[in-house]
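Asker: Given chain H, put chain E in place with the hints provided.
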Amino acid sequence: MTVTDPVDRHLAELERRLSGPSRTRRSMLREARDGLVDAVAAHRRCGLDAHEAAAKAVRDFGSVREIAPLYQDELVARQGRWAALLLLVVFPGLTLGWGMLWRLGVRWESEPASDLVVALARLQDTASAVVAVVALVLLAVTFRRAAPARQVAVLVSLTGVVGAVVCGGTGLVMNLANGSAGRELVEANPYAVPAFGCSALLCALVLRSAVRTLLVAGSPVPTAAER
Amino acid sequence: MRPDAVRGHLDGLILAVLEDGPRHGYAIIEALQTRSGGALELPTGTVYPALRRLERAALLSGTWSTVGGRERRTYTLTRAGRHALANQRADWSEFSAVVDAVLRPAAGRPAAGMP
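Quick mapping for you: the protein sequence lines, in order, are chains H and E. Sequential numbering from 1 applies to the first sequence in this note's numbering. Sequential numbering from 1 applies to the second sequence in this note's numbering.
It is worth saying that the hints were derived from the structure and are not from the lab. Here a beta-carbon is modelled for each residue, glycine too, at the ideal position from N, C-alpha and C. Hints may contain errors.
Sample of chain H residues at the chain E side, in silico, Cβ under 7 Å [claimed, not checked]:
no., residue
1, Asp5
2, Asp8
3, Ala32
4, Asp38
5, Ile67
6, Tyr71
Extracted from the complex, chain H is given alone in its bound form (with noise of 0.2 Å):
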């Protein structure tokens, strides 16, 4: 087909009017294009020429104004989906993680520890717990089919966001509260570095997902007007 077939034009409408999922949204452009491909044949069938039956195929799969809102709406959904899912494997993970590596000896040597640490301790205990709560009950959500995908896509985003800010600032005033025991951690272990620097990387994956979640959530969708 060339690039002024009507199918390719109206494809490459609607890929231009679509955000999410890169893998998702190639499967549901192909899925599309092999549907037109089956309607441009089953009129040629019916013995339309060919740009007639591209152009009938192309009318009966609806305006891109009308269909791109129905695409993007199911591409918010499996954004969040997987948005949700990044929360729950990383928050509960991170808390398994530091557990077992203090129970391996990556820990201040100041103890006891003073009492803001406790609580900051407690603290990114607890946040973390509750986002990961939050993020399976906003999963399940996902499942049904009337959820409003925009909304919990960005209650997912704001919930990422306010879990790393949470679990990654207290973190680091807890190191900074312990004063020279973070350094003589990091000088002493050989498992400080990596453990610090997985950290800071599975909270800056949560804030970029946050980000993407939130953009893909926020494009635009033609107005009632515009259908």
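Answerer: Just chain E, lined up with the frame of chain H:
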């Protein structure tokens, strides 16, 4: 039939045409048109996002497979999908019976209870 009238029932209609076996997207559209006697005037482009929505809800499973020498995305009704279809049928029977009872011309109705 106007597309707006169909849209709210599209999920149930799709589940119904997949009841007798897996189909790819265009075959589902053809089955909808055949079973409705050509009365459904839904834009075909609305069916594909609906299939993904049903798949996300675990009522359908979708996989890319080779059909007739071409790679197609084929959908199969899951156990949850069969259950949802049964519920949809029951809800529709109840709803249509109620609407039918109200819309039926007075001559066809049983005598009212007023003395």
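Asker: I'd like to know which numbered hints this structure contradicts. Please list them from smallest to largest.
Answerer: 1 and 2
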